[in-house]
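**Student:** Hey, can you work out the whole structure from these sequences and the hints?
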Amino acid sequence: MNPHRWLFRAARAAVAFALGAAAFAAHAADTVNVYSIWPENWARPMFEEFEKATGIKVNFVRFSSGEALARVTAEKNNPRIDVLFGGPVETFAAGINEGLFEPYKSPSFARLPARFRHADGLWTAIADDPLVFMTNEKFLKEHNLQAPASWDDLLAPVYRNMLQMADARTSGTAVTRIFSVLEVNGRDENKAFDYMRKLRPNIQLYTKSGGGGTLPVGLGQAAGGIFFIVDALDTKAKGYPVIISFPKEGIGTAAEGIALIKGAKNPDVGRKLIDWATSPAMQNHYAKYRINFVPAHPDVALEPSLAAVLKGTNIFAIDAAYAGANRKRVVDRWIAEVLNP
Amino acid sequence: MTGHAVLRRDPAVAVAVVVLWLLLALFVVYPFATLLARVLVDRGSFSVEGLATVLTDRHQVRAFWNSLLLGVLVGVGGTIVGFLFAFTAARCRLPRWLLTVIDAAVLLPLVSPPFTTAIAMIFSFGPRGLITYELLGLKGATVYGLASTLASEVMTYFPIAYLTLRPLLAAIDSNVEGMALSLGASRWRVFRTVTLPLCVPGLANAFLLLFAASLADFATPLILAGNQFPVLPTQAYLQITGLFDLRGGAALSLVLLVPALAVFLLQRYWVSRRYYVTVTGKGAGQAPFDSVSPAIRAALLAACAFVALAILYFYVLLLYASLVVALGANHAFTLQHYRVIFTEGLKVIGDTLIIAGIAMPLGGLYGILLGYLVTKKSFPGRRTMEVVSMVNYALPGTIVGIAYLIAFNDPPIELAGTALLIIACYVFRYGPTGIRATIALLQQIDKSLEEASQGLGAGTGTTFRRITLPLILPAFFAGLGVVFIRSMTAISATIFLVSLSWSLITVKILENMTELSLGPAAAFSVLVVVIVFVVIAIIGRLLRVFRAPGAAQVTSMLGG
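From first to last, the protein sequence lines stand for chains A and B. Heads up: the first sequence at position 318 corresponds to 318 in the numbering used here, and the numbers run straight through without jumps. Heads up: the second sequence at position 141 corresponds to 1141 in the numbering used here, and the numbers run straight through without jumps.
A couple of the hints might just be wrong.
[To be verified] Derived contacts from chain B toward chain A, CB cut-off under 7 Å, selection only:
#1 Gly1126
#2 Leu1238
#3 Thr1241
#4 Asp1410
#5 Glu1515
[Said to hold, decoys possible] Listed next, the in silico PhoX-like pairs over lysine-lysine satisfying Cα-Cα at most 20 Å (straight line):
#6 Lys57/A - Lys265/A
#7 Lys311/A - Lys248/A
#8 Lys105/A - Lys272/A
#9 Lys1139/B - Lys138/A
#10 Lys1347/B - Lys57/A
#11 Lys236/A - Lys311/A
#12 Lys141/A - Lys1139/B
#13 Lys1447/B - Lys1377/B
#14 Lys288/A - Lys52/A
These are calculated hints, taken from the structure and not from any lab test. Ideal Cβ positions, reconstructed from N, Cα and C, are used throughout, including at glycine.
**Tutor:** Below you can see the structure in the form of structure tokens.
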């Protein structure tokens, strides 16, 4: 064989391979493309139920809220998805600033309380998710402690270097937490940041994702932290010895949203998914799959064991307009004064 | 004969050169240029503001120095451990089975996703860690920071040093050491004045390779570095995924370029020219005398055993985590996690295997094609082609991933979300190992070998087929092996490239870990290790079948 013919063949084979690979990239048109901010083990059963109910297949990939928003922003001129699913509405508020969404009001829209919908329909809430304190039971027993019942309890020296909570650079959980601290301090920013600076020595790690600290707390590698109730109850359900408690001063809750992407390639099926997700059709499935979100639709009953956990607690909604207007400034201040003092 | 004349005479070479240049322009030059433009051009005019913002932010500057510090420490630590293993394997006259054990222990970190040891670290150290608390009874230990990141990276990357140093030690003619001994020098003196100096270039090479590996690793620090020890690759990743700041992330990753390029140039143009020992292909067996005293031999073996046991411990813990309901809470045996990855995770396993399966032959082919052309054919821009082909290999993965993300999302060249983009990323990032191997092998082939073949009446074709091709086959397999291993385990670049249609196991593992789904993360990791082990074993078998000279040397490149 002539070496040059061999080279020819090699080059030809390379081109053929490349073309073959490109062919793999094609995808079907009768499906709805979604970035899910909900973890896969919650999103997957929901989307399977949706397919069962409508015959529309959901093609999805999971990203944390920051990653998802960065993706959608990067793909703005050429969107790859139709719907952004789940994730705290403050993520959606940030997306509105980037002009990422198309307004859409589903049939359920009018039935929802004002804080569960964007006035122009740029997003709609599908669930509500309160923050909680979660502590390791063994740690409490060993130090003869009660579960923390006040924000100030977390400042105790016994927690030094033992708390894990989310990093505001990447996590919506952290942003909701910071706005909770602002609210319980009467929106006095200096007082709130004073508190967060005092808490800093007790922080072992700021985690990338909101639930990142739940496993260390479950294992006792950390003593406790502030998490969304879904993550906390999930940890408990897995068998880890954790206790969930609430501060008497109150703690914030974040609505979880859904939105149609501007320039979506399959807007009609996208709207169908939004119709379904904002209605009892989807939210009635939360209890069945042990997803401990509080349903956003008023017609869906709160699951009894979740209702028992929430009984008598002081939970307030984060004011979306206030949070949206101040988010970037507050997060930047948090990075400068709390994360990297 | 000028290069142009060659191209005119050899249309096949000309076509191959043009095709390669087009591919390099598309997948190396274009994304990198787009990245530079994104950072340096602001609303149509040139501006260094983006870069300046990064360079003046004291936290980012601290992260930069931290990255360098970590790189140096990993380089030193990994080289020491690698040398320890290489020296023990080459000089302690170990029985065959013990050598196999050492090779297996070394291969394990090499074939697993880079952050697998990080998971095990989290469980073993810390206030309630299996080692610090359960075993040693320490309270208040902390797992996040420089120490654990360093330990994890050394354990992950020292095999690169081992694979660089072992052939070198084996190739040092033991007669030289024997002569020194018989002239009355003590063993220590021989080691200090003969063996070690001969190893210096190898040590420097290993150090630089490890430094580069650490500089590119973002997953280990993401899990272990904590808030007290920020490093640049992680910061760049967080800047993009967290703060939605593509430009800032790109600027941060560009800052990494300076040390990465410095190390690459040093390694290539300084160290590689100072190899005192060339691999001759002569069987370099073990020395016919004892290079080390029995006491030292025992100490070396004990040290190796300690490291090997530590590695084994981490992987056993991983396997255990994949087989119990919830590590730390419920240790009942279950196959549930494997059922999850083979049902819900099946698509991602399929995607990864398809991508790795396509990237593997393309990467191997690309390696020997480009290596053969730049070594054996003269054409205009030959040196430039060689250097350009190394760019994606020399850059930290974060930079390559971000550059691909920015360059290929929008028209004119819209490839974002396709498998092609991920495959291209792997081929052009890890194919260069095959190029290096091909060049190294071809340079060792004495021209007289080919001339002799032709003198005996064989045509160019026969000579190529019977002489040249078998000689570079090991390079082809080395290229295959590296591209496959990396396609299965790499994450730093491709985390930016996964999409709705195509995802990767490594990305899934990281996602599972951040979501406390430890069982599936561990099960996925075990699966990757098993698949890669099997494929590498097959490639090793093929190498032995073709039994080409230089095969052993090329096997060592699997590390680079």
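**Student:** Look at each hint and say if it fits the structure.
**Tutor:** Okay, the hints, checked on the actual structure:
1. Gly1126: The hint holds - Gly1126/B has a Cβ within 7 Å of chain A, the shortest such distance being about 4 Å.
2. Leu1238: Given a least distance of 5 Å, the restraint on Leu1238/B holds.
3. Thr1241: 4 Å, holds
4. Asp1410: 5 Å, holds
5. Glu1515: 5 Å, holds
6. Lys57/A - Lys265/A: Holds, at about 15 Å.
7. Lys311/A - Lys248/A: Holds. Lys311/A to Lys248/A sits at ~13 Å (cutoff 20 Å).
8. Lys105/A - Lys272/A: This hinted pair holds, its Cα atoms lying about 11 Å apart.
9. Lys1139/B - Lys138/A: Roughly 14 Å separates the two Cα atoms, so the pair holds.
10. Lys1347/B - Lys57/A: 15 Å, holds
11. Lys236/A - Lys311/A: Holds - the C-alpha atoms of Lys311/A and Lys236/A are around 18 Å apart, at most 20 Å.
12. Lys141/A - Lys1139/B: 16 Å, holds
13. Lys1447/B - Lys1377/B: Holds, at roughly 13 Å.
14. Lys288/A - Lys52/A: 16 Å, holds
In summary, the structure agrees with every hint in the numbered list given earlier.
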